[in-house]
Amino acid sequence: MAQDFRTSEGGLIDRSRPINFEFDGKSYQGYEGDTLASALLANGVHLMGRSFKYHRPRGILTAGSEEPNAIVELRTGARKEPNTRATTIELFDGLVAKSQNRWPSLSFDVMAINNLFSPLLSAGFYYKTFMWPVSFWTNVYEHVIRRAAGLGTASTEADPDHYEQCHEHCDVLVVGAGPAGLTAAVAAAERGARVIIADEHVQLGGSLNSEKLTVSGKPGADWAAEQTQKLVAMDNVHILNRTTVFGYYDHNVLAAIEKVSDHVAIPAAGKPRQRMWTLYPKQVVIASGATERPLIFGNNDKPGVMLASAARTYANQFGVKPGSRAIVATNNNDAYRTAIDLHNTGVRVVAVVDSRMNPDAPLAAELETLSIELITGKTVGAAEGGQHVRYAQLVSTQGITEEPQRIDCDLIAVSSGWNPNVHLHSQSGAKPVYDDEVFSFIPGQSRQVEVSVGAAKGSFGLQDCLNQGLAAGNEAAKLTGFKGRAKKAPKAGDDGIYSIEALWIAPTPYNKTYKQFVDQQHDTKASDVNLAAQEGYDSVELLKRYTTQGMGTDQGKTSNVNTLAILAGQRGDPIPDVGITTFRPPYVPVAMGVFAGHTVGYDFMPVRRTAIHDWNEKQGAVFIEAGLWLRARYYPQSAGESMYDCYVRETNNTRNNVAMVDVTTLGKIDIQGPDASEFLNRLYTNNWLKLPIGKARYGVMLREDGMVFDDGTTSRLGENHYFMTTTTANAAPVLSHMEYYHQTVWPELDVAFCSVTEQWTGIAVAGPNSRKLLEKVIDIDISNEAFPFMAVGECKMNNIPARLFRISFSGELAYELNVPADYGEQAWIELMEAGKEMGVTPYGTEPLGTMRIEKGHVAGSELDGRTTALDLGLEGMSNRDKHFIGKHNSQRPALLSDGRLQVVGLKSLEPGRNLRIGAHLVDDKVKLDSVSQSQGHVSATTYSPSLGYGIALGLLKDGASRHGEQIDAVFPLDNEKLRVEVCHPVFIDPKGELVRA
Amino acid sequence: MPKTQTKDMPVRVSPLLAIDGDAIIDYKNLRLRERKALTAIQVLAYAKQYETAAAAIGKALKIECPATPGVCNSNEHTQIIWNGPNSWMIIASDEESGRKSAELRKTLQNAVGDLAAVVDQSHGRCGLRLSGLHASEVMAKNTAIDLHPVAFAAGNCALTSVAHMSALVVQVDDAPTYDLFVARSLARSFVHAIEHSCHEFADD
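If you read the sequences in order, they're chains A and B. Position one of the first sequence corresponds to residue 206 (this note's numbering), numbered consecutively onward. Position one of the second sequence corresponds to residue 814 (this note's numbering), numbered consecutively onward.
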């Protein structure tokens, strides 16, 4: 079929550039400038899909993003995109699309049988029909309903395309580039403001591209092209075409989606498919136009029923005849233009059916000159035909009972008036108000710096659009500091006067029952609205949820106001009393991938790597995430070595020989100033005023509420110079905590500090042979006498400047070496070389954790924000003679009373079995399935290579006084129970002799 | 003390070692390269000594020390970047050795004496230079701040989120050229994100 419905000339398509595409397996041809919808119509294809619930045949209702029916699966394979509106898809070579929700084929759909069962499928049917038996819901009903009622299916393959985010600030954002938007943008830009103008189409111009209107004596589309050129030439203007502003958020932040590559089969190299814009304008001009309402009558969903404005858009912009024999049914003046434009395109227009008794005289005269019959006081009561409209049944709107008048036609162009697109206005927090001149909602009081103009404000006349656009552009520029001389608005050609009389629902022929659809995408009928109201769901919010009206991908753009009006009729209330549901972003469907943008896969989260990362990788280390850090967890020596074997081996080599661990990730804070000692003294629970230079001390910090916050060592490097370490997890929170107290509580203290975590690579060398190893490479005396436990000093490791700390986390004789990070890998390698002859090995966080449990050091799982120093056995460090953060709150009676969870050690009493982390501690009378008697829990657990059995740390009610007791550790999820003995949390070297050796 | 070896100054190893060559991106209108062997010294003045410290830094480096937020003053070799109340990050020009960093630290330490803390961050920061016609478009994909010339021009700086990572951004000239300083540990993730944002300009 060769575009039989294409006119030989006219429109904004390029007939010299044919484009081949495929729909439902059949090949077609369209032209550049077409949408998928216009190209299919040009080929005489009207049937586009099956409806959601009843599987009724559906065609094309609109020519824009409000389309409820013509939604298709676009592309194939990994790029397949379901529920894409044929009316917004720019045609491209090789486009492949498929209709949805039909089987085995679009014209013969088995599930169309639903149409016969429709009495069972009324509003809320899934709440009523499929209630019993309950077990059938998930097993039977849900599956069947999901299959029968639905839209397209998503691809199961990963999306091969890239999406990205972009940010832009401006003085004035103009949303929509129709006559009002273009005028506003030019006005604001000519005054010098930074302007962004966004429009969902390729070409700016909006309705000027689809109407036969003139501006400044030129065809509208030509005038729009001229204005576009003007904007392109100004460097203070950014034109975002193919871009839909879909969200208006607080603080005047708006979001838009740019379809960068949707008009090509595969995005060009480096180009994203779509781009999300976050826009930060100082002023917003909303020129988003209006959406036409369909008339509600019997079978108003049949292919061949089309919005009047859409019919003339296809004729004017795309040179397509949307039918051969048309009638136009309306309640307002605007649709007369459709009759005239269709007539001029060569479509036979049989009649204009105006529901009003007194139509506009000049329009009536114009129809007469074109020999188009004008029928007044009637409207379409029902459309009849099989898969397409064959005739219309006209009924009286004046309550006259008469035989319906039959008119044969294949196109019924309908208009029930226009709804201003108040979506962004409403999203900005404002309340649209009902206007009984245009019979719709128009923008109300602004809540943010936005103003609506033109059709978006309910001003449908072209001259009004141009005037308001100019005024808003000037005002927005002025408000952002750009003044200029007032100019006159361009002169619009005569487009008549918009006048309308409401007709919310048509009488049916012979008062028979017909399906009169309000929401065509979700198959919501007028009778569903009435039923919902009768059943008590008579507020707009409840009605929406009960009938699912407005919940489709089109968000009820063509159905919201009609539904409200029908509800109002049913309730017997005026429409303003019924109100309107709040519009929410997004205005058009936006793929989740666009929100994720670049941050998927490798870039899902940034990764922090230490200087030793590459070496670790080469050694085949297994990594673990610690916040954003990647830390070596253990180092298998052969491919088959298990984690268990590894950490036992690495632990043993530390306990018996010497091993090294990368501790770069610990937080490090440099603290200086005359008041540094005093500052530390207030932060930590213990005393810091008398720490000698060249010494480190362990310290505990509390939160203001008295709970333990963090622990670590701090070293005194000079009279007024300290170096603090924190846990990996609390590196940033501790710094914030310090900043907070310094800036707001003690600004008088002369102290300055900053994070130096990144500056230093930290290497812990631990084990009885650690001194022997270090002596080979360190240039200072590190004998026990010269460099005792907790000593700190500057030194050189070979030729690398370094700081050495004699501190131990493993409980063995140990040192921590800090070197500037660019030398980190070299230092590590040289240490490994120096220790080779002794058999030094690296160890990861797994043995690190094992050894800290053996040593009873509390860490993150015990410092869980609910434990006090007393609970953790650290109260001995608190200095009662000074003030420190959290001191008073830590003395609250409840925190000192009996019954608190206190840290204990736990030993497995069953050989070969280890404790489970998270297991509850209960006494043996308690049944497995009852944890209400829990006396605490296991916080950290390991198999101890040094002791040869499973050990753990736990928090147990009054634990400190229960050493020696036996208790059960239960893990109800796996039905596990283990007998354990409560003991002191330090399992190894309780006197700390090893670290001082 | 026994020594296994004695060498000259050790060699500084960039966190971007895995990236070959000097230029990470080298398109006609877009370039991204690492400022290798960076010298970065953080000076934190004690609140009461703020003005005296600023004057001392200015005198020692012969560059006026910026007193207002968002400003970076520089000469051919050195940038003084305002990076917080009473604090400045001082960056010395590229290709300088570790010795230079020690020297600059000493110079600053001598200049400010007891007025301020001087902290070496040379190994803790990765410096990158992004320049060319499309540089601000690349930045717009990664940061929410306004980089239009009316809001951000040569000599301006900001501490902000770039590609979801904390970065110090300095505009060097109107090419435009931006210097980006990020934490060493994040350098590879950061470069990966920026590089990706550059790809669409490969043939432009």
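Check each hint, because a few of them may be wrong.
From chain A, some residues computed to sit far from chain B (all C-beta separations above 12 Å) [said to hold, decoys possible]: (1) Ala207; (2) Lys688; (3) Asn716; (4) Met810; (5) Pro811; (6) Ala816; (7) Glu846.
PhoX-like, lysine-lysine: derived pairs with alpha carbons at most 25 Å apart [said to hold, decoys possible]: (8) A/Lys720 with A/Lys692; (9) A/Lys895 with A/Lys1162; (10) A/Lys476 with B/Lys919; (11) A/Lys1001 with B/Lys919.
What the hints contain is simulated information worked out from the structure, not anything from laboratory work. Just so it is clear, CB atoms sit at the ideal spot from N, CA and C, and this is done for glycine as well.
For each hint, the structure was consulted:
| no. | hint | result |
| --- | --- | --- |
| 1 | Ala207 | holds, 38 Å |
| 2 | Lys688 | holds, 17 Å |
| 3 | Asn716 | holds, 60 Å |
| 4 | Met810 | violated, 8 Å |
| 5 | Pro811 | violated, 4 Å |
| 6 | Ala816 | violated, 7 Å |
| 7 | Glu846 | holds, 27 Å |
| 8 | A/Lys720 with A/Lys692 | violated, 53 Å |
| 9 | A/Lys895 with A/Lys1162 | violated, 37 Å |
| 10 | A/Lys476 with B/Lys919 | violated, 48 Å |
| 11 | A/Lys1001 with B/Lys919 | holds, 19 Å |
Checked against the numbered hints above, the structure violates hints 4, 5, 6, 8, 9, 10; every other hint is satisfied.
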